[in-house]
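Residue numbers (our numbering), protein chains in the order written: chain A, 1 to 418; chain B, 1001 to 1418.
Think of the hints as simulated: they come from the structure by calculation, not from any bench.
Every residue gets a Cβ at the ideal spot worked out from N, C-alpha and C, and that includes glycine.
All the given hints hold, so there is nothing to weed out.
From the structure, some residues in chain A lie toward chain B, with a derived Cβ separation under 7 Å: (1) 54; (2) 57; (3) 71; (4) 75; (5) 81; (6) 85; (7) 89; (8) 90; (9) 105.
To give a feel for the contact side, a few chain A residues facing chain B, derived at Cβ under 8 Å: (10) 17; (11) 55; (12) 58; (13) 59; (14) 69; (15) 78; (16) 82; (17) 84; (18) 86; (19) 88; (20) 93; (21) 100; (22) 104; (23) 149.
Number of protein chains: 2
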Amino acid sequence: MPARLVMKFGGTSVADLERIRRAARLVAAEARDGRGLAVVVSAMAGKTNELVAWTDAAGLAAQGLPDSDDEYDVVVASGEQVTAGLLAMVLRNEGLRARSWLGWQIPILCDDAHGRARIEDVPPDALAAAVDGGEIAVIAGFQGVTSEGRITTLGRGGSDTSAVAIAAALRAERCDIYTDVDGVYTTDPRIESRARRLSRISYEEMLEMASLGAKVLQTRSVELAMAQRVPVRVLSSFVEPGEAAPDTGTLVCDEEEIVEKRIVSGVAYSRDEAKITLLGLPDHPGVSSQIFGRLADANVNVDMIVQSRARTAETANMEFTVGKRDAARAIEIVRAVKDEIGFEDFAIDEDVAKVSVIGVGMRSHAGVAKTMFKALAERGVNIQVISTSEIKISVLIEAAYTELAVRALHAAYGLDQL
Amino acid sequence: MPARLVMKFGGTSVADLERIRRAARLVAAEARDGRGLAVVVSAMAGKTNELVAWTDAAGLAAQGLPDSDDEYDVVVASGEQVTAGLLAMVLRNEGLRARSWLGWQIPILCDDAHGRARIEDVPPDALAAAVDGGEIAVIAGFQGVTSEGRITTLGRGGSDTSAVAIAAALRAERCDIYTDVDGVYTTDPRIESRARRLSRISYEEMLEMASLGAKVLQTRSVELAMAQRVPVRVLSSFVEPGEAAPDTGTLVCDEEEIVEKRIVSGVAYSRDEAKITLLGLPDHPGVSSQIFGRLADANVNVDMIVQSRARTAETANMEFTVGKRDAARAIEIVRAVKDEIGFEDFAIDEDVAKVSVIGVGMRSHAGVAKTMFKALAERGVNIQVISTSEIKISVLIEAAYTELAVRALHAAYGLDQL
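Just chain A, same shape as in the assembly (with noise of 0.2 Å):
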């Protein structure tokens, strides 16, 4: 089998003729060192929001959502669908084979959830064959095919997940995603200016930073190359061909393949999270359970909980934390059962920020929450709310503190001389 690499290039890497040829000349530069190539490519930027403001236009008098609609899948398929034509005439103008391939026609197979589908399924042979013979497979990511031939989307950011299950049904050597930064940062350099590139990290790592906010990737994309072992690599799309050396970028990787040990690799921040504080619980076994349970039916994910007993020791507080997006469906819920249960009040704050330290370090290292309550506390940050796991310290504090409270955990760690 000839070595296969799958390249993606993002919706600002395709954004116009001009990018899709810069795409191309990239593209050429690896398929002449002899590999076999597969491209999966974006809608041109912007395109999807026009095809999404259509459908939502289409839908006014929409009773269910648009989104979970299947001709929804069909009307936003249609950009990737052009991108992939476009590069693969490009290509061919370049003087390289390529041929275009659709969701349908690979095929990649998805379940039925329309707008948020799951790859279920890549017969490879195909595709395999194509690539092996040396035409360039350019690939329309984002969108599948159900059992029954229906078009499906993978929901937004969904072509990084295309990309890594074409590398894992290619078992390609490595995937390669282009993008608008040239890598995976120790926390965002907009905040911190001394934020330093990783040149590796480990999928473990990488799905707690793309959970936690750091918006790099699709965090289904890194679950996907963690559970196949494929080998993702960020790196900038705008760089020259020739110029993208092997240590360019981020390589996702196996913790086993990162020599350089480090406590913590990263600081990642979440803006997008509100906190409801219900008052005055009674104090008895399945309050939680009613609570909880009743938002999760609705759909609405519960992220951080912590309960406190009140003052008076006859009742508990508690308080957690919702998607800003779930907000008013989970305080609609919290109104609708506040008799039932028999609490004192209810409150929402939305001016609040998680912030969160990560690092597989922490496995083998006690202190690392220590140093950074103390580094908090230092700038006077009030933390309102704790969770953790074994990779990964959250903490919710006041909005206003955010970039503070990033750039003194980003030194505290010493993540600024890596």
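Dock chain B against the given chain A, drawing on the hints supplied.
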């Protein structure tokens, strides 16, 4: 089998969401009659041009013509996909059952002449089952799929052909083509305000009208309708639902179904011609076949041809017309064969127009040509070339006389008094 109807909406009839909603109301009105409905849609007006412009840009350095490219089809077919999805969504929001069908889903099987593919087969079973079950099939026009599973398109105006092919496959009682005019006229109303809408026209006449410059229907769609005996109705999409009474628009049908007998049904014109003259041709056999053989090899269609003896009895002159689009290519060939064949000189005149009168009544009536030549002579219009078929007479004249000639002929055959 329940009655089935095919409706087709062109680009201006689905140009934006407002128009798509208007189209949906027309569909809804037909749906309430209990007929099985298949609705064929074009791309939103302007979208195909945008997509074609991108393929032009992508093919800048193309060796071949981009419009014969399989990837051209991948890009351009996306326009109809969008409209099909949107109309299906709007129909659902009106409380109707509907789903979109793409070319590959039906499938509309085509040959692999990309950019101008011909439909080879439309297996009707899946579509018929849906339609008979009361689900409106919203079909992306203009597109099909090869036996290899690649997307094809049918050439400009191809959605008309899609609609007729679907109507034939479904054995629909009729194919209604909703467009921006309210029928087929005796001539172009922009030139002759007394032009009248024909309530019926035969396939043969419509075919000549379409070939000779009337742009209401794609020529191939009329050929197909004639071959498959599909009644086609051309009508305006700018009527209100319910106003589309049975005698609205123009019905294209078998000659025998037309009660009112006319000798001439319409006057058509085209300014897309160029006249090429060869002077001083050697007068021996085989000269014509040499010239026209070379033109045919280069895919240049020759329309009218006339040969005349030159003043010196040893040589002949020849005049013929080609499409303006092919003129440069034709002249190149003429120049190349000049020495080989040994004619003295050549000239091209693009300042010409072809004006034609069409009518199945000509078969049984003498004197039609005489009326034509007399009417033109009275207005001082000089005839350069004449060509005839069983049901039409065309003359080539100086372009400046086009409107004058059209009006003179329209009056001469009493078409303003239908």
